[in-house]
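Based on the hints, put chain B in the right spot on chain A.
2 protein chains.
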Amino acid sequence: MSVIMHTLHVDLGERSYPVYIGRDLLADGEVLARHLGGSEVAIVSNETVAPLYVAKVRGALGEGRRVTEIVLPDGEQYKTLHSLEHILERLLQERHSRSTTIIAVGGGVVGDVAGFAAACYQRGVGFIQVPTTLLAQVDSSVGGKTAVNHPLGKNMIGAFYQPRAVLIDIDSLHTLPARELSAGLAEVIKYGLICDPAFYAWLQEAMPRLLAREESALAEAIERSCSLKAAVVAADEREGGLRAILNLGHTFGHAIETAQGYGAWLHGEAVAVGMLLALRLSVARGWVDAAEIPVLEALLRQAQLPLEIPAGMTPEVFLDLMGRDKKVVDGCLRLVLLRGIGEACVVADATTAELDTLLQDAVARAKSRC
Amino acid sequence: MSVIMHTLHVDLGERSYPVYIGRDLLADGEVLARHLGGSEVAIVSNETVAPLYVAKVRGALGEGRRVTEIVLPDGEQYKTLHSLEHILERLLQERHSRSTTIIAVGGGVVGDVAGFAAACYQRGVGFIQVPTTLLAQVDSSVGGKTAVNHPLGKNMIGAFYQPRAVLIDIDSLHTLPARELSAGLAEVIKYGLICDPAFYAWLQEAMPRLLAREESALAEAIERSCSLKAAVVAADEREGGLRAILNLGHTFGHAIETAQGYGAWLHGEAVAVGMLLALRLSVARGWVDAAEIPVLEALLRQAQLPLEIPAGMTPEVFLDLMGRDKKVVDGCLRLVLLRGIGEACVVADATTAELDTLLQDAVARAKSRC
Numbered sequence: 001m002s003v004i005m006h007t008l009h010v011d012l013g014e015r016s017y018p019v020y021i022g023r024d025l026l027a028d029g030e031v032l033a034r035h036l037g038g039s040e041v042a043i044v045s046n047e048t049v050a051p052l053y054v055a056k057v058r059g060a061l062g063e064g065r066r067v068t069e070i071v072l073p074d075g076e077q078y079k080t081l082h083s084l085e086h087i088l089e090r091l092l093q094e095r096h097s098r099s100t101t102i103i104a105v106g107g108g109v110v111g112d113v114a115g116f117a118a119a120c121y122q123r124g125v126g127f128i129q130v131p132t133t134l135l136a137q138v139d140s141s142v143g144g145k146t147a148v149n150h151p152l153g154k155n156m157i158g159a160f161y162q163p164r165a166v167l168i169d170i171d172s173l174h175t176l177p178a179r180e181l182s183a184g185l186a187e188v189i190k191y192g193l194i195c196d197p198a199f200y201a202w203l204q205e206a207m208p209r210l211l212a213r214e215e216s217a218l219a220e221a222i223e224r225s226c227s228l229k230a231a232v233v234a235a236d237e238r239e240g241g242l243r244a245i246l247n248l249g250h251t252f253g254h255a256i257e258t259a260q261g262y263g264a265w266l267h268g269e270a271v272a273v274g275m276l277l278a279l280r281l282s283v284a285r286g287w288v289d290a291a292e293i294p295v296l297e298a299l300l301r302q303a304q305l306p307l308e309i310p311a312g313m314t315p316e317v318f319l320d321l322m323g324r325d326k327k328v329v330d331g332c333l334r335l336v337l338l339r340g341i342g343e344a345c346v347v348a349d350a351t352t353a354e355l356d357t358l359l360q361d362a363v364a365r366a367k368s369r370c
Numbered sequence: 001m002s003v004i005m006h007t008l009h010v011d012l013g014e015r016s017y018p019v020y021i022g023r024d025l026l027a028d029g030e031v032l033a034r035h036l037g038g039s040e041v042a043i044v045s046n047e048t049v050a051p052l053y054v055a056k057v058r059g060a061l062g063e064g065r066r067v068t069e070i071v072l073p074d075g076e077q078y079k080t081l082h083s084l085e086h087i088l089e090r091l092l093q094e095r096h097s098r099s100t101t102i103i104a105v106g107g108g109v110v111g112d113v114a115g116f117a118a119a120c121y122q123r124g125v126g127f128i129q130v131p132t133t134l135l136a137q138v139d140s141s142v143g144g145k146t147a148v149n150h151p152l153g154k155n156m157i158g159a160f161y162q163p164r165a166v167l168i169d170i171d172s173l174h175t176l177p178a179r180e181l182s183a184g185l186a187e188v189i190k191y192g193l194i195c196d197p198a199f200y201a202w203l204q205e206a207m208p209r210l211l212a213r214e215e216s217a218l219a220e221a222i223e224r225s226c227s228l229k230a231a232v233v234a235a236d237e238r239e240g241g242l243r244a245i246l247n248l249g250h251t252f253g254h255a256i257e258t259a260q261g262y263g264a265w266l267h268g269e270a271v272a273v274g275m276l277l278a279l280r281l282s283v284a285r286g287w288v289d290a291a292e293i294p295v296l297e298a299l300l301r302q303a304q305l306p307l308e309i310p311a312g313m314t315p316e317v318f319l320d321l322m323g324r325d326k327k328v329v330d331g332c333l334r335l336v337l338l339r340g341i342g343e344a345c346v347v348a349d350a351t352t353a354e355l356d357t358l359l360q361d362a363v364a365r366a367k368s369r370c
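Taken in sequence, the protein lines are chains A and B.
Using my numbering, the first residue of the first sequence is number 1, and each one after it goes up by one.
Using my numbering, the first residue of the second sequence is number 1, and each one after it goes up by one.
Here chain A stands alone, though its shape is the one from the complex:
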């Protein structure tokens, strides 16, 4: 029996949509049917998630619909143009028309690739996000960023394309591996750091319950995260300004992911280390009290997230990869830093010397902990 615990709204004019948070939503055919454009549906998932949940979603769709299932391999290394092509080719082979709705059932990779496919197929078809990982539930499924990676940079090819609805089924977190749960918690912590000190304080207290997957704690964390994200996205859909604060830790994090090879580090793990680097830089600038560093370290450690950059990554590698980041505008690297806990800002004046000092220090610390 499905239960909707919260309904949020992402307010984007004619592109507005609801985010439902609840239990057993995957099996709720009535909610799904509200957001389908026609009788044709394509469910995109991956090899790990498909056996767990696709039959359930398919069952919820009921009779009388033409449904194509498209299953990708599991992992960030498959978030590629090649996977995009595979989806598009299957849609063409099965003669899906423009009235098709693509339903993404899986984590951030599935949602990002399927969403980009929805944006491109016949110049745009309907799209519903059914995120089954914590990271996708609190971050990537809301806001309309879709993309694939390129060997020269993460998320470099994509579209802003809003879903018609997001269905967050908390029950799906019961099958999530611990490492993936932790990766999702990194993005949850991010919201506290960038714009909600009370939430940041709550997380320090609630972390054991979140790791124990207590339903009420998870629902609270997801609802707060999605509300904060929805507000930021509504104010700045295409990242003209404010939305960039959601990228706290991401410029460093993307460099780690790209250098290690997509899939070696989880996105949330790389973001955790990146947030700590951004906090250290903010402290070095005198913007945040140095006492906040051990607080964040303790929280990340509690969430079972890494604190140090990967062995072997030099400042040169970081600077080279960060120079390719989307946050570079007219030659200036833009970084998200903190003016205080809960107060993010975007700077374009980070000097190479400043970054080099930060990264040399990070290399030394990573070595000393090995």
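Reference listing, derived: stretches of chain A covered by chain B, where coverage requires no fewer than 3 residues with Cβ under 8 Å from a Cβ of chain B:
#1 88 to 99
#2 116 to 126
#3 314 to 326
Covered stretches of chain B (chain A as the covering partner; in silico rule of three or more C-beta atoms under 8 Å from a C-beta of chain A):
#4 90 to 96
#5 111 to 124
#6 157 to 169
No lab work stands behind these hints, which were simulated from the structure alone.
The C-beta atom is built at its ideal place from N, Cα and C for all residues, glycine as well.
For chain B alone, coordinates are given in the frame of chain A:
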């Protein structure tokens, strides 16, 4: 010395943009500069057009800009995901940031692929159309449809992505091969047929001057075509309804292009034959006087366009390929027909029997003229 002869506006709210029609606009740095987002520019062209015009555009951009030139092979057969990838890879290699503007200098293929690249690169960068063929000037450069082809269907992968400006330089038509000029005239004739009987009558009188590339006649034909297109697009940007009338002849035409292999027939040639088929079907339904058939035949012949379907194409091949068309919605093939000259409508009730009769007749006529 550049001269702006007409400035039209495509009215799409915050996505509105001007269409400039004039002489020597390619060399007008001031007009270009008005629509650049930053100091970074990528010019996308093809092997045929690049030697003629890219240096001119580059010169007009002046000093102090970082410019990357990307040259594709010439032809519809290169309107592929592969060409898209090539553009995106070059942009990444040259570290183009999100403030880059992509300028498409060429025909419809260059504009469609470069526009799709602009839509996808870092989820969207600035885009300026500089169409150098008549077909691109009167049709594909205005309205924001971008796409690449797939072996299973034409324009199946793409985006609605509006340019920031369209610069139509009539001088560039002096280097256009005669066959390409004729292909462009097919789309010009289309506007008369779907919504402007006076323009249709004018074309019958002006055709010799258009073929002789008389500047004033070309400027008039381009201005009328772009105005009609801008009005239709402003009323229905994403082809929810009205915009579909711009596809007169295109469902038949796409089947011809796909069956013959992209590039064998020019798009305008296939559309010419397709328009005649749509007119014949409209006559068969009793909606248009049969006397209009020889009128259109004479006009197409005068414009040096084909009248018959390619040898070897059977009704079965047509019906199979048309069934894959984007105009199929929930299993119904939608076709643009005429209620009269200058009055297009979209029908969803064409029967297989009706189409089979039309296409059998077309096969017989093609044979008898061989």
